Amino acid sequence: MDARPLTIALAGNPNSGKTSVFNNLTGTRQKVGNWPGVTVEKKEGHIRRGGREITIVDLPGTYSLTPFSLEEVIARNYLLDERPDVVVVVIDATNLERSLYLATQIRELDGKVLFALNMADMARARGLVIDAAKLSQLLDVPVVFTVANRAEGMEELLEQAIRLADSPKPPDRSRRVKYSRDLEEAIGRLAGFLESRIGQRLAWLPRWTAIKLLEDDEVVKQRLVAAAPEAAGFVLEAAAKLRRHLAERYDEDPQIVLTDERYGFIAGIVREVQRADARRRVDVSRNIDLVLTHRFLGFPIFLFFIWAMFQLTFTLGEAPVAWIEDGVGWAAEAAAALLPAGPLQGLIVDGVIAGVGSVLKFLPNILILFFCIALFEDTGYMARTAFLMDRIMHLIGLHGKSFIPMLMGFGCNVPAVMAARTLESPRDRILTILITPFMSCSAKLPVYVVLAGAFFGERAGSVIFALYLLGILLSILTGRLLRSTLLAGADAPFVMELPPYRMPMVKSLLIHMWDRSRIFLRKMGNVILVGSVVVWVLSSFPQVPVEGPAAGGSPPAEAAGHAGEARGAQIRESWLGRIGRAVEPLFAPLGIDWRGAVALLSGFIAKEIVVSTLGVLHAVGEASESGGDLERALLSSGMSPLSGLSMMVFVLLYLPCLATVSAIRRETGSTKWMLFSIGYNTSVAWLVSFAVYQGGRLLGYA
Amino acid sequence: MRLSELQEGESATIVHVGGDRRLRRRVLEMGLVKGTRIRIEKYAPLKDPLELVAKGVHLSLRVEEAERIEVEKAD
Chain P
1 MDARPLTIAL
11 AGNPNSGKTS
21 VFNNLTGTRQ
31 KVGNWPGVTV
41 EKKEGHIRRG
51 GREITIVDLP
61 GTYSLTPFSL
71 EEVIARNYLL
81 DERPDVVVVV
91 IDATNLERSL
101 YLATQIRELD
111 GKVLFALNMA
121 DMARARGLVI
131 DAAKLSQLLD
141 VPVVFTVANR
151 AEGMEELLEQ
161 AIRLADSPKP
171 PDRSRRVKYS
181 RDLEEAIGRL
191 AGFLESRIGQ
201 RLAWLPRWTA
211 IKLLEDDEVV
221 KQRLVAAAPE
231 AAGFVLEAAA
241 KLRRHLAERY
251 DEDPQIVLTD
261 ERYGFIAGIV
271 REVQRADARR
281 RVDVSRNIDL
291 VLTHRFLGFP
301 IFLFFIWAMF
311 QLTFTLGEAP
321 VAWIEDGVGW
331 AAEAAAALLP
341 AGPLQGLIVD
351 GVIAGVGSVL
361 KFLPNILILF
371 FCIALFEDTG
381 YMARTAFLMD
391 RIMHLIGLHG
401 KSFIPMLMGF
411 GCNVPAVMAA
421 RTLESPRDRI
431 LTILITPFMS
441 CSAKLPVYVV
451 LAGAFFGERA
461 GSVIFALYLL
471 GILLSILTGR
481 LLRSTLLAGA
491 DAPFVMELPP
501 YRMPMVKSLL
511 IHMWDRSRIF
521 LRKMGNVILV
531 GSVVVWVLSS
541 FPQVPVEGPA
551 AGGSPPAEAA
561 GHAGEARGAQ
571 IRESWLGRIG
581 RAVEPLFAPL
591 GIDWRGAVAL
601 LSGFIAKEIV
611 VSTLGVLHAV
621 GEASESGGDL
631 ERALLSSGMS
641 PLSGLSMMVF
651 VLLYLPCLAT
661 VSAIRRETGS
671 TKWMLFSIGY
681 NTSVAWLVSF
691 AVYQGGRLLG
701 YA
Chain Z
1001 MRLSELQEGE
1011 SATIVHVGGD
1021 RRLRRRVLEM
1031 GLVKGTRIRI
1041 EKYAPLKDPL
1051 ELVAKGVHLS
1061 LRVEEAERIE
1071 VEKAD
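So the sequences go chain by chain: P and Z.
Numbering-wise, the first sequence is residues 1 to 702 according to the working numbering.
Numbering-wise, the second sequence is residues 1001 to 1075 according to the working numbering.
Just so you know, these hints were derived from the structure itself, not from any lab.
Predicted model only: the values in this text are computed from it and were never measured.
Ideal Cβ placement from N, Cα and C applies to all residues, glycine included.
One thing to keep in mind: the hints can contain errors.
Sample of chain P residues with no beta-carbon within 10 Å of chain Z, all distances over it, derived [as the list claims (entries may be wrong)]:
#1 Pro5
#2 Glu108
#3 Phe145
#4 Gly153
#5 Glu156
#6 Leu158
#7 Glu159
#8 Glu185
#9 Arg391
#10 Phe456
#11 Glu573
#12 Ile678
#13 Gly700
When the alpha-carbon atoms are kept at most 25 Å apart in a straight line, the in silico SDA-like pairs for lysine to any residue are as follows [what the hints assert, rightly or not]:
#14 Z:Lys1047 / Z:Ser1011
#15 Z:Lys1034 / P:Gln274
#16 Z:Lys1034 / P:Glu184
#17 Z:Lys1034 / Z:Glu1070
#18 Z:Lys1042 / P:Ile306
#19 Z:Lys1073 / P:Tyr179
#20 Z:Lys1055 / P:Tyr179
#21 Z:Lys1047 / P:Phe305
#22 P:Lys241 / Z:Gly1018
#23 Z:Lys1042 / P:Ala125
#24 Z:Lys1055 / P:Arg275
Cβ pair distances, simulated, as ranges [unchecked claim]:
#25 Z:Met1001 / P:Glu155: 48 to 58 Å
#26 Z:Gln1007 / P:Leu675: 43 to 53 Å
#27 Z:His1016 / P:Val129: 26 to 36 Å
#28 Z:Gln1007 / P:Arg175: 41 to 51 Å
#29 Z:His1016 / P:Gln694: 58 to 68 Å
#30 P:Phe305 / Z:Gln1007: 52 to 62 Å
#31 Z:Gly1018 / P:Gly127: 31 to 41 Å
All chains should be built: construct the whole structure from the sequences, respecting the hints.
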């Protein structure tokens, strides 16, 4: 038995069930969505079979291997450069033709290929019967039946893949796409040039390279020049000449002719292996769509879903939020009782417990929000939102697909910025990334809940809703502005699949919800913990001498007011207070005092920290008998509803948090865009808050 | 006629796919090649994009993209 480690790559169309196959094979938990291109990152899983190491690589879901989108380039480069032992192509049985289009291109790369014929049960339900033996024989590729969402056929798939990897038989090149005579002639001549002029330096098959050159593939051309600078000129010249010749001969771009012929070849195979049953079942998905994307009902339903999502997030979250608050209060009391009064007690009770606790209590809201977003994705509704919204997004110069990252931005900007990778054109991608931070993320919500709760009472919900709308409005204005200035140019094609609706699996929804919430919790564990401690230290030193015995600990209830004042005085004189007062003139026109300014500064680490900083600055860190202390403290601090509103607007719009900023840098690949985002957002925040506060004052609101 | 001129529910066969390279490429990749039978499923509530069915698959494309696709209407 061979013990050589193996690498198996999974390729397939978006929505082909490839991600489910990957999850089943590796047991790794990751996102399974209906949104095309959900697995953009290269994901690997390591397993052992019979004592040998097997690496399974999940390639991005693509329809083709052209160099037009990031995903396709990633997938192709991986197959070309890493040369996995076996490529498993996940074939969507309900869509054989298009699956085979990708599969034939992968076979042209000359690796060992195995087909996983997935969702054959669904195909049968639609009246399609596929003769797998015939398919296997016609293309000389082993075929395994799988039902990935029920984990069927996985063992056999793995077994076959290993057998194929170990088999010494080279792939049969005669079962490839044969193009028409003129094309084959051109391919042959070009391949000959490649062999004679570039020879060993050519990393790929001459035939494949020749086809790509006839398709005028920019990536291949560039890499050819890099590999053989002196010879490439001649070959490219010859390719250009042949392209012109073919264009004349077929009266069509050779690239299109090649695609047409590939589809012709595939159509022949499909005719042989697929039988369509005359009795077609009712297309359930279609009926659902008749309602959900209905001319008149579509938008109201869509708005209802979004509204329901926010309602669920906040009403359902209420009870667990209260439990967590109680728990945090109890923990603070216990810690205060256990620890001797002094700096250590202050650090633990006012710094760590108060800081982390004030953010931890929003976990239920965040869990529910992420659950709803996962539900949208898994059912296939996400793609419909793009269908509904494209017209509007297009007005901003964006793609309907941009709506998804922006919607995810309501959860957390970090995955949202990353989700922008599904956009093919770099311009669309950068634009989406830049306007995503205007989508009010869940971390900003605690800030609104506290401020709106304190100043707007009953109407807090409406105020928060208006803030979300303001964020959307500004993203539209920003989109239009950037589209006509820094990011002007033609749009990428919209053409997109609307995958069938699927019943989501509860398990998968929970996994998605948890995966995303984990990011939030991890942030709690480090960034917020550190931030809370830093803020506490900055606010506690240098120490101000205090009168009275109640300082620095958990005072008896009757002394609480007094201790609060002492703490306030302490913070005023602390480093944090000094910083805040130094920048106060900048914030004064916005109606934000030094405490607000300090809280906003600390929010760069993570937006939730704004709340905990406000808590510390308004001296409500001590063990509390009930929630709502911060609200009361804010009300009695002399802040008006108008300045509260101004502050919320500022929080909504100003610079993204540290994690988002680093994601922007990574995803745009440019420090320039990161700095632009920081500068632009903060300027917009200042201007809008200024307009809100000063405008409000002019209108007579205090 | 152009694909964008078809009404909801009408069927046609694709004659020619035009437009710039990226668009043509994408349209062809999704299986909308010459000779493919399509049916207009619906237009989005804002009249753009449109949804069509080809080979049992639902695809959506913008009206301005559908304008580049020449079709022959079926009776």
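Evaluated hints:
no., hint, verdict
1, Pro5, "34 Å, holds"
2, Glu108, "15 Å, holds"
3, Phe145, "20 Å, holds"
4, Gly153, "23 Å, holds"
5, Glu156, "27 Å, holds"
6, Leu158, "29 Å, holds"
7, Glu159, "31 Å, holds"
8, Glu185, "23 Å, holds"
9, Arg391, "4 Å, violated"
10, Phe456, "34 Å, holds"
11, Glu573, "58 Å, holds"
12, Ile678, "32 Å, holds"
13, Gly700, "39 Å, holds"
14, Z:Lys1047 / Z:Ser1011, "18 Å, holds"
15, Z:Lys1034 / P:Gln274, "20 Å, holds"
16, Z:Lys1034 / P:Glu184, "21 Å, holds"
17, Z:Lys1034 / Z:Glu1070, "9 Å, holds"
18, Z:Lys1042 / P:Ile306, "23 Å, holds"
19, Z:Lys1073 / P:Tyr179, "30 Å, violated"
20, Z:Lys1055 / P:Tyr179, "24 Å, holds"
21, Z:Lys1047 / P:Phe305, "22 Å, holds"
22, P:Lys241 / Z:Gly1018, "23 Å, holds"
23, Z:Lys1042 / P:Ala125, "24 Å, holds"
24, Z:Lys1055 / P:Arg275, "13 Å, holds"
25, Z:Met1001 / P:Glu155: 48 to 58 Å, "53 Å, holds"
26, Z:Gln1007 / P:Leu675: 43 to 53 Å, "50 Å, holds"
27, Z:His1016 / P:Val129: 26 to 36 Å, "33 Å, holds"
28, Z:Gln1007 / P:Arg175: 41 to 51 Å, "43 Å, holds"
29, Z:His1016 / P:Gln694: 58 to 68 Å, "59 Å, holds"
30, P:Phe305 / Z:Gln1007: 52 to 62 Å, "29 Å, violated"
31, Z:Gly1018 / P:Gly127: 31 to 41 Å, "33 Å, holds"
Comparing the model with each numbered hint stated earlier shows that hints 9, 19, 30 do not hold.
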